[in-house]
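Novice: The whole structure should be built from the sequences, with the hints applied where relevant.
Just so you know, the sequences run in chain order W and Z.
Per the working numbering, residue 1 is the first one in the first sequence, and the count goes up by one each step.
Per the working numbering, residue 1 is the first one in the second sequence, and the count goes up by one each step.
It should be emphasised that the hints constitute simulated quantities derived from the structure, not laboratory data.
In this text the structure is predicted, and so the values were computed from the model without any measurement.
Idealized CB from N, CA, C, for every residue including glycine.
Fair warning: there could be bad hints in the mix.
Pair by pair, the computed Cβ-Cβ distance ranges are [to be verified]: (1) Asp19/Z x Asp314/W: 28 to 36 Å; (2) Asp271/W x Glu256/Z: 54 to 62 Å; (3) Pro34/Z x Lys37/W: 27 to 35 Å; (4) Ala59/Z x Lys37/W: 20 to 28 Å; (5) Asp100/W x Asp172/Z: 33 to 41 Å; (6) Thr64/W x Asp240/Z: 43 to 51 Å; (7) Glu173/Z x Asp314/W: 31 to 39 Å; (8) Ser387/W x Leu94/Z: 55 to 63 Å; (9) Asp240/Z x Asp260/W: 44 to 52 Å; (10) Ala355/Z x Pro258/W: 27 to 35 Å; (11) Thr64/W x Pro34/Z: 41 to 49 Å; (12) Pro165/Z x Asp314/W: 54 to 62 Å; (13) Asp271/W x Asp411/Z: 54 to 62 Å; (14) Ala59/Z x Pro110/W: 55 to 63 Å.
Just so you have them, the derived chain W footprint on chain Z, three or more residues with Cβ under 8 Å [to be verified]: (15) 41-53; (16) 85-92; (17) 98-109; (18) 195-205.
2 protein chains.
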Amino acid sequence: MSLDTVLSRIDSDLPDALDRLMHLLRIPSISTDPAYKSDVDGAADWLVEDLKTLGIEAAKRQTTGHPMVVGHAPGDGPHLMFYGHYDVQPVDPLDLWHRDPFDPELQDTPKGRVIRGRGASDDKGQLMTFVEACRAWKAVHGSLPARISFFFEGEEESGSPSLVPFLKAHADELRADLALICDTGLFDPETPAITTMLRGLLGEEITITGPDKDLHSGSYGGMAMNPIRVLARIIAALHDETGRVTVPGFYDGVPELPDDIRAQWEALGFDEAAFLGEVGLSQKAGEAGRSGLEMIWSRPTCEVNGISGGYAGDGFKTVLPSKASAKISFRLVGTQDPLKLRDSFRAMVRGMVPADCSVEFTGHGASPASVMSTTDPAFERARQALSDEWPRDAAFIGSGGSIPVAGYFKDILGMESMLIGFGRDDDLIHSPNEKYDVESFHKGIRSWARILAALT
Amino acid sequence: MSLDTVLSRIDSDLPDALDRLMHLLRIPSISTDPAYKSDVDGAADWLVEDLKTLGIEAAKRQTTGHPMVVGHAPGDGPHLMFYGHYDVQPVDPLDLWHRDPFDPELQDTPKGRVIRGRGASDDKGQLMTFVEACRAWKAVHGSLPARISFFFEGEEESGSPSLVPFLKAHADELRADLALICDTGLFDPETPAITTMLRGLLGEEITITGPDKDLHSGSYGGMAMNPIRVLARIIAALHDETGRVTVPGFYDGVPELPDDIRAQWEALGFDEAAFLGEVGLSQKAGEAGRSGLEMIWSRPTCEVNGISGGYAGDGFKTVLPSKASAKISFRLVGTQDPLKLRDSFRAMVRGMVPADCSVEFTGHGASPASVMSTTDPAFERARQALSDEWPRDAAFIGSGGSIPVAGYFKDILGMESMLIGFGRDDDLIHSPNEKYDVESFHKGIRSWARILAALT
Numbered sequence: 001m002s003l004d005t006v007l008s009r010i011d012s013d014l015p016d017a018l019d020r021l022m023h024l025l026r027i028p029s030i031s032t033d034p035a036y037k038s039d040v041d042g043a044a045d046w047l048v049e050d051l052k053t054l055g056i057e058a059a060k061r062q063t064t065g066h067p068m069v070v071g072h073a074p075g076d077g078p079h080l081m082f083y084g085h086y087d088v089q090p091v092d093p094l095d096l097w098h099r100d101p102f103d104p105e106l107q108d109t110p111k112g113r114v115i116r117g118r119g120a121s122d123d124k125g126q127l128m129t130f131v132e133a134c135r136a137w138k139a140v141h142g143s144l145p146a147r148i149s150f151f152f153e154g155e156e157e158s159g160s161p162s163l164v165p166f167l168k169a170h171a172d173e174l175r176a177d178l179a180l181i182c183d184t185g186l187f188d189p190e191t192p193a194i195t196t197m198l199r200g201l202l203g204e205e206i207t208i209t210g211p212d213k214d215l216h217s218g219s220y221g222g223m224a225m226n227p228i229r230v231l232a233r234i235i236a237a238l239h240d241e242t243g244r245v246t247v248p249g250f251y252d253g254v255p256e257l258p259d260d261i262r263a264q265w266e267a268l269g270f271d272e273a274a275f276l277g278e279v280g281l282s283q284k285a286g287e288a289g290r291s292g293l294e295m296i297w298s299r300p301t302c303e304v305n306g307i308s309g310g311y312a313g314d315g316f317k318t319v320l321p322s323k324a325s326a327k328i329s330f331r332l333v334g335t336q337d338p339l340k341l342r343d344s345f346r347a348m349v350r351g352m353v354p355a356d357c358s359v360e361f362t363g364h365g366a367s368p369a370s371v372m373s374t375t376d377p378a379f380e381r382a383r384q385a386l387s388d389e390w391p392r393d394a395a396f397i398g399s400g401g402s403i404p405v406a407g408y409f410k411d412i413l414g415m416e417s418m419l420i421g422f423g424r425d426d427d428l429i430h431s432p433n434e435k436y437d438v439e440s441f442h443k444g445i446r447s448w449a450r451i452l453a454a455l456t
Numbered sequence: 001m002s003l004d005t006v007l008s009r010i011d012s013d014l015p016d017a018l019d020r021l022m023h024l025l026r027i028p029s030i031s032t033d034p035a036y037k038s039d040v041d042g043a044a045d046w047l048v049e050d051l052k053t054l055g056i057e058a059a060k061r062q063t064t065g066h067p068m069v070v071g072h073a074p075g076d077g078p079h080l081m082f083y084g085h086y087d088v089q090p091v092d093p094l095d096l097w098h099r100d101p102f103d104p105e106l107q108d109t110p111k112g113r114v115i116r117g118r119g120a121s122d123d124k125g126q127l128m129t130f131v132e133a134c135r136a137w138k139a140v141h142g143s144l145p146a147r148i149s150f151f152f153e154g155e156e157e158s159g160s161p162s163l164v165p166f167l168k169a170h171a172d173e174l175r176a177d178l179a180l181i182c183d184t185g186l187f188d189p190e191t192p193a194i195t196t197m198l199r200g201l202l203g204e205e206i207t208i209t210g211p212d213k214d215l216h217s218g219s220y221g222g223m224a225m226n227p228i229r230v231l232a233r234i235i236a237a238l239h240d241e242t243g244r245v246t247v248p249g250f251y252d253g254v255p256e257l258p259d260d261i262r263a264q265w266e267a268l269g270f271d272e273a274a275f276l277g278e279v280g281l282s283q284k285a286g287e288a289g290r291s292g293l294e295m296i297w298s299r300p301t302c303e304v305n306g307i308s309g310g311y312a313g314d315g316f317k318t319v320l321p322s323k324a325s326a327k328i329s330f331r332l333v334g335t336q337d338p339l340k341l342r343d344s345f346r347a348m349v350r351g352m353v354p355a356d357c358s359v360e361f362t363g364h365g366a367s368p369a370s371v372m373s374t375t376d377p378a379f380e381r382a383r384q385a386l387s388d389e390w391p392r393d394a395a396f397i398g399s400g401g402s403i404p405v406a407g408y409f410k411d412i413l414g415m416e417s418m419l420i421g422f423g424r425d426d427d428l429i430h431s432p433n434e435k436y437d438v439e440s441f442h443k444g445i446r447s448w449a450r451i452l453a454a455l456t
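Specialist: Rendered as structure tokens:
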């Protein structure tokens, strides 16, 4: 009965919950761009104040980068820790947005009502599902159902440079029985999911320098090495003809999918053609002979996230540039060692740079994959709670995205994480016109209330 | 005697001539960027007014792009036409300039006094050498030594889209006995040169589209094709291991260097190590077995002048981009057919694009190489006049840069061109901190006075 009261309270409070989310979405907390530093700070302040309205002792905690927000609510039963991040991705290319990314609005679409704006799904909307569930619980019961710690990060989209030092410095304060992380998706709009396999991420930026200044391609072309040519050869060599990554030792620690998991995934009925078709593609680009779900959940990848060099403005400029750069990232699985792969990648690149050119490397994050242990009965109880809320039963799935914090929680705090989120594949996270379905938000809040009831 | 008087006048007028050049350099006439359209127009107005001070009937002549400046001075003897261009290259990367590119100044350097600013060498300073020679001649003699037409273009740095239509529409007005073009360089600071071989230019911009929107590399990486990967494979395939360009049919019409020209070039004592060393390189990047002068004067090339795709800002963004673009140019020699090569290049690129990706092409100029006929005795007279001014005798040389106008003058007006210029290899044209030596400017003006005397 008491859960039903909480769920009713969530339903009636939805308009106000949406208003609160809109406030948070209006703060352009882009962590990767130093120009937005004060906005990231402002988003942290907003969250501290919001947690305080729940009677939670919360504070902004400084780091050498953007601040963490930490709050503690006392209570009986298990000690749960909830993690989300309040920073967002950059918004470029801005001209592809249909409205200001930081002027969010509710929009009716053929697939339902959505919240449109940067961070609506990743991760402000998701973060607030848990906060709103707690707010409703508190309103109905006067207190939360368990001892709960809140831990919000402001650097998730920029490689989390302060996360590990902060966890190490405050391990005793932050350690709980179980972490709840809301930064993943539904399997499909009707099927909720608990993500138990997460790919790791290795980010590398390489800059090739050829001539020590930009040259005229007429005066020097043919005789002087062009760094774009060097960079293109390196990138072209990163995959072989079958789509496999060629970095030496890359597949060390990459496990084959166990038969039972493979069977479970096949039963999900993943529509590869529809998945690619929604983004205008028709061919799987990964390793030959792998299923689509393997490619995005359980196989490692190499992507070029950005490339630049020479003149890229309007018109044409016959420059032979001094420098060319690329941002390259690797998604990692199993026990692939990111630092070992970084060394192997850099050695491979160095071997392809002509003697009179040079290469500089900048590392952007290096986190291994995470595979959750689902033997804790809490996983099965949460799966049942989710199944009660949604049309179809919840599934244990993998995720292509990297959520390194789960690995750090395990390594540094010895704490398992349960990854539950309500994003959809078409949320356009990291892209122009990001959205979050109002249904994801509403049923997400309700799902957390059910899970809190089930775990306590 | 009268030539000496003109030369003395040039010497005494040098400070005023530098002042006039500074005025012209302050106008940011970047033709390739639409934002500077009114400035390109303003530079044309400035030149019209300056020619009028010489008593020359001059006017700005509209085209569908930037205007031409045309002036005619009556006179006896041969009809000469002088060509230069008043538009300049873009200035990016702006942060590598040591001062505002359009706030020029005279600077003392270890190699002598220079005029620093965008366009100082390419081509405003060079253009003004001829105008100033005419000004001195007129001041001394009251008239010019021949019938001279002035033809200044404002689109040379953006592919000259209006040039051919304008030449065709005004062929009778513009046709002269010989064109004088000042947009080339000295062989070295002591050795003047008449350029008789000019490479042509084919410019191509290609844009690869993979997914129809930017994607999250975690959600899609491994399954969705990355257009940067497609583009890198194309660029990497444009040269083979020996440095030859792989576009089918590329070497059709590329002649071997005649033995006499090869011997003449070998006698020039070109220091390949010093040429590359000045820009921080040590290895020739062109076709194996070719000399450095061949690589930059008489062999065709393929360069990537710019590349872009995905996130190139500060930090890291795990985007799998929808599009990737490159600006690619080919320097052409002999009788290579630019339009045929454009077709062959595009067919090769199309063949490398996966079925579910697409490619768009934008052409940026297509001009064949020019090889001058030096049988006209004017060439030898001009060579002698140059040799009188400079420490070492003038040479007939090739040029890596493309000056398509010489080919158009021949094809459309049936007019030979004599290319004489005073730029140095270290002028940083098309690069940050462009300069023109005051000696180039001063002796350039004196050289034109001597050439006018020799040709008339």
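Novice: Take the C-beta atom of Ala59/Z and the C-beta atom of Lys37/W, compute their distance, and say whether it sits inside 20 to 28 Å.
Specialist: violated (55 Å)
Novice: Quick check: does the Cβ-Cβ distance between Pro34/Z and Lys37/W fall within 27 to 35 Å?
Specialist: Hint holds: Cβ distance 34 Å, inside 27 to 35 Å.
Novice: Using C-beta distances, would you say chain W covers the stretch 41-53 of chain Z, given that this needs three or more residues below 8 Å?
Specialist: violated (count 0)
Novice: Could one say that the CB atoms of Glu173/Z and Asp314/W fall in the range 31 to 39 Å?
Specialist: holds (32 Å)
Novice: For the pair Asp271/W and Glu256/Z, does the Cβ-Cβ distance stay inside 54 to 62 Å?
Specialist: Taking Cβ atoms as reference, Asp271/W and Glu256/Z lie about 60 Å apart, which means the hint holds.
Novice: Taking the CB of Thr64/W and the CB of Pro34/Z, does the distance hold inside 41 to 49 Å?
Specialist: holds (44 Å)
Novice: For the hint 27 to 35 Å, verify it against the beta carbon of Ala355/Z and that of Pro258/W.
Specialist: For Ala355/Z and Pro258/W the Cβ distance comes to about 34 Å; the hint holds.
Novice: Holds or violated: 55 to 63 Å for the Cβ distance of Ala59/Z and Pro110/W?
Specialist: holds (60 Å)
Novice: Three residues minimum, CB to CB under 8 Å: does the stretch 98-109 of chain Z make the cut for coverage by chain W? Let me know.
Specialist: violated (count 0)
Novice: Quick one: are Asp19/Z and Asp314/W within 28 to 36 Å, going by C-beta?
Specialist: For Asp19/Z and Asp314/W the Cβ distance comes to about 33 Å; the hint holds.
Novice: Could you say whether the range 44 to 52 Å given as a hint is met by the Cβ separation of Asp240/Z and Asp260/W?
Specialist: holds (49 Å)
Novice: So is the stretch 195-205 of chain Z in contact with chain W by the C-beta rule, three or more residues under 8 Å, or is the coverage claim wrong?
Specialist: It holds: at least three residues are needed, and the stretch 195-205 of chain Z offers 4 whose Cβ sits within less than 8 Å of chain W.
In the structure shown, a violation is registered for the earlier hints numbered 4, 5, 12, 15 and 17, in ascending order.
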